Amino acid sequence: MNKEELQKLGSDVLANRDNYSEVRNPIYILSKGRPKSATIQALCDAGIFNWTVFVEQEDYDSYFDAMKLDCIEVLPKSNQGIVYVRNYIKQYSIARGEPFHWQMDDNIKNFRIRENNKNIKHNALSCLAMCEDIVGGFENIGVAGLGHTAFAFGKPPTHHISINKQVYSCVLVDNNVPVTWTEGTVEDTDYSLQVLTRGLCTLLFDKILIEKEVTKVGNGGNDNSDEWRIARTKKLQEDWPVANFKYTQQYGRVKVLPSRIWRQFPQVPMIGGEEDFFDKFLSD
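Numbering (our numbering), first residue to last: 36 to 319.
If you're looking for bench data, these hints aren't it; they were derived computationally from the structure. One or more of the hints may lead you astray.
[Claimed, not checked] In silico DSBU-like cross-links for lysine-lysine, where the CA-CA straight-line distance does not exceed 30 Å:
1. Lys112 to Lys281
2. Lys156 to Lys144
3. Lys43 to Lys153
4. Lys290 to Lys71
5. Lys71 to Lys43
6. Lys112 to Lys144
[To be verified] Here are the simulated distance ranges between beta carbons:
7. Val303 to Gly68: 28 to 36 Å
8. Met36 to Ser97: 22 to 30 Å
9. Glu218 to Pro134: 35 to 43 Å
10. Pro191 to Gln92: 17 to 25 Å
11. Lys190 to Met36: 18 to 26 Å
12. Asn85 to Asp53: 16 to 24 Å
13. Val277 to Glu133: 20 to 28 Å
14. Asn85 to Leu292: 24 to 32 Å
15. Ala50 to Lys103: 35 to 43 Å
Since we're looking at a predicted model, the values are computed, not measured. Ideal placement from N, C-alpha and C gives every residue a C-beta, glycine not left out.
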């Protein structure tokens, strides 16, 4: 499928968003120190309950007390870092025979769509279902993800889906791809690059978005200190020298600057076994 056809598909799916009302794949949430997780609240508000939150043993009671729901999985080890949790979740999903799974950070405030140059709140159920249907029609998507409201303004109004870009924070993972997250680096960037170097595609939805809480040092989640961010960036530089990753300090935090490496991957999404689905949207 060429890029023009992909944008038309994204446009038509978004136009028919009210017809998407089922999330087929399990949702797994990584959480630490945030028993009142914004992500859990956003999903419950949308009537989505096929999720599981992964927490450390010492956090279990506070999460159970806050949620009054037993959708909690206790990790075998504590204080192992985000990469340990991401890889544990993927193996957990594989062991259950699931072809795909969602991985979500625990600080997603809400889900939105980009329309008329505005980020408009939208039902999480519809947002996730639209993404699943698009990904499910292809046979070579290693991982896909929702875009972030902070970056949506920079995309042309006619642009719906980016191919072969980094995905992050709210991702639909193909369990058949033998890739794991790497310790000590910017793990989402590294994972996306591993998928791409295997000849598979990533999809980033530019008009189906998440809005996240501002990450604060010590407010659950990762370390998030400058030292932690710099160390991860240096590991990324070492592992991917061809990308020439650089970093700077903006608005009081260390930030990895954009790289041109994403342009080096020419592969495009290939239609799999659901041709009728695409014929419906691509016919005049």
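*Kindly indicate which numbered hints from before are broken by the structure, ordering the numbers from low to high.*
As far as the earlier hints go, 1, 5, 7, 8, 9, 10, 13 and 14 are violated by this structure, in ascending order.
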